[in-house]
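Visitor: Work out the full structure, taking the sequences as your base and the hints as a guide.
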Amino acid sequence: MIYESENLIKPQRTATNRRRYSEDDIRRVRVIQFLTRQKGVNLAGVKYVLHLLQSLGNQGLDLNQVRELDTLQEVSGNGLTA
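582 is the number of the first residue of the sequence shown in this note's numbering; add one for each residue after it.
Keep in mind the hints are simulated off the structure, nothing from the lab. Just so it is clear, CB atoms sit at the ideal spot from N, CA and C, and this is done for glycine as well. Errors might be hidden in some of the hints.
[Claimed, not checked] Restraint ranges, calculated between C-beta atoms of paired labels, are given here:
1. 635 with 614: 12 to 20 Å
2. 607 with 636: 21 to 29 Å
3. 599 with 649: 30 to 38 Å
4. 594 with 635: 16 to 24 Å
5. 648 with 605: 15 to 23 Å
6. 624 with 596: 15 to 23 Å
7. 597 with 629: 30 to 38 Å
8. 588 with 638: 19 to 27 Å
9. 597 with 649: 36 to 44 Å
10. 591 with 638: 28 to 36 Å
11. 598 with 636: 26 to 34 Å
12. 637 with 598: 28 to 36 Å
13. 651 with 597: 34 to 42 Å
14. 626 with 595: 29 to 37 Å
Guide: So this is what it looks like as structure tokens:
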């Protein structure tokens, strides 16, 4: 999987080398897909955004929080402040 080869997710492996995705992995994939498909962010940009979120202390990555940030960006981009 490309997200794994780009070090965006790291699922656990079984004894037979099958991937086992945690809830955090699934949440992370949803955020990655939202950023790439809905916002047109490339994987380097996704990696940067995820790094920023983690450095801000956001361990429980949540798609709703990313959408809220997106809404705040749209509002501030229209001359309004949040």
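Visitor: To test your reading of the hints: which numbers does this structure violate?
Guide: 6 and 10
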